[in-house]
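Participant: Taken in sequence, the protein lines are chains A and B. FYI, the numbering for the first sequence is 105 to 253, going by the working numbering. FYI, the numbering for the second sequence is 143 to 248, going by the working numbering.
Honestly, the hints are just simulated from the structure, not real lab data. Glycine residues also receive a C-beta, built at the ideal position from the N, C-alpha and C atoms. Please note that the accuracy of each hint is not assured.
[What the hints assert, rightly or not] Here are the computed lysine-lysine pairs in the DSBU-like style, where the Cα-Cα straight-line distance is at most 35 Å: (1) A/Lys234 with B/Lys147; (2) A/Lys164 with A/Lys113; (3) B/Lys169 with A/Lys119; (4) B/Lys229 with A/Lys227; (5) A/Lys175 with B/Lys150; (6) B/Lys147 with A/Lys227.
[What the hints assert, rightly or not] What follows is a set of in silico ranges between Cβ atoms, one per label pair, in the way DEER data are often shown: (7) B/Ser226 with A/Phe116: 25 to 33 Å; (8) B/Lys229 with A/Ala121: 24 to 32 Å; (9) A/Asn243 with B/Glu247: 28 to 36 Å.
The residues making up each chain are set out below.
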Amino acid sequence: MAQLKNEMKFEFISKSANESFARATVAAFVAQLDPTISEVADIKTAISEAVTNCIVHAYKNGLGTIYISVKIFENGQVIIKIRDKGCGIENISQAMEPLYTTGGAERAGLGFAVMQSFMDNIKVTSKLEKGTTITLTKNIIPRVTKNGQ
Amino acid sequence: MVEVKIIKDGESASALIKGDIDHHTAKEIREQIDAYVQDNQIKLLNLDFSQVQFMDSSGIGLIMGRFKMMKLLMGSVKVINVPSHLKRIIKLSGLLSLGVIEKGEV
Chain A
105 MAQLKNEMKF EFISKSANES FARATVAAFV AQLDPTISEV ADIKTAISEA VTNCIVHAYK
165 NGLGTIYISV KIFENGQVII KIRDKGCGIE NISQAMEPLY TTGGAERAGL GFAVMQSFMD
225 NIKVTSKLEK GTTITLTKNI IPRVTKNGQ
Chain B
143 MVEVKIIKDG ESASALIKGD IDHHTAKEIR EQIDAYVQDN QIKLLNLDFS QVQFMDSSGI
203 GLIMGRFKMM KLLMGSVKVI NVPSHLKRII KLSGLLSLGV IEKGEV
């Protein structure tokens, strides 16, 4: 197991205005690993998808709390957990199918497909009426040989 | 933060979207564009993405939704000026098969 470099946790209520807050906060923390612009964009997009799922699906009947924790490791690995105490997912593999959505005409059904494509690994655990945890992993490639120093 | 600027040219209109597109801002963008299109009897809607800094799959939903609306109005929609940082999510979405994006764009 790689050595832990830093860790943080934050929580907020499931208002859609917090989607940008959540992705910007995670991006600011991960900046310690000196990621490329493209790596930051990948992480921001995945966080935005996960948080939107909590708002649109988990807490569709009202407001709840969304919990995010981020661990970064010396080898460049980032592990992000996004947790809710919402309705849970009945059929995880169906929910993860591209284009499958219960979100109506304006939702593309691509949330999980984007998370899978933009991150190195994704794990979903869910319990009906208890909530869902998404664990996202991304390996930031260390830029060790900058200017040969 | 998001801002939509719409410029009309005959039966066509270009909507310049400035800022981030996520689930929160998509609602605001959608409402502005849809009201404009219906009030001005627009037949060709251009969605100008040149000033979009960030977009998640809500942006894909926004394009698909406008595609369906313009079809109902016997019109069409085109996504123009796609910045390079949005190409990956657009390719992933399968939107290219809808014909709303010119081949050279992504």
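Participant: Determine for every hint whether it applies to the structure shown.
Facilitator: For each hint, the structure was consulted:
no.: 1; hint: A/Lys234 with B/Lys147; verdict: violated (43 Å)
no.: 2; hint: A/Lys164 with A/Lys113; verdict: holds (24 Å)
no.: 3; hint: B/Lys169 with A/Lys119; verdict: holds (13 Å)
no.: 4; hint: B/Lys229 with A/Lys227; verdict: holds (26 Å)
no.: 5; hint: A/Lys175 with B/Lys150; verdict: violated (49 Å)
no.: 6; hint: B/Lys147 with A/Lys227; verdict: violated (40 Å)
no.: 7; hint: B/Ser226 with A/Phe116: 25 to 33 Å; verdict: holds (31 Å)
no.: 8; hint: B/Lys229 with A/Ala121: 24 to 32 Å; verdict: holds (28 Å)
no.: 9; hint: A/Asn243 with B/Glu247: 28 to 36 Å; verdict: holds (30 Å)
Checked against the numbered hints given earlier, this structure breaks hints 1, 5 and 6; the rest are met.
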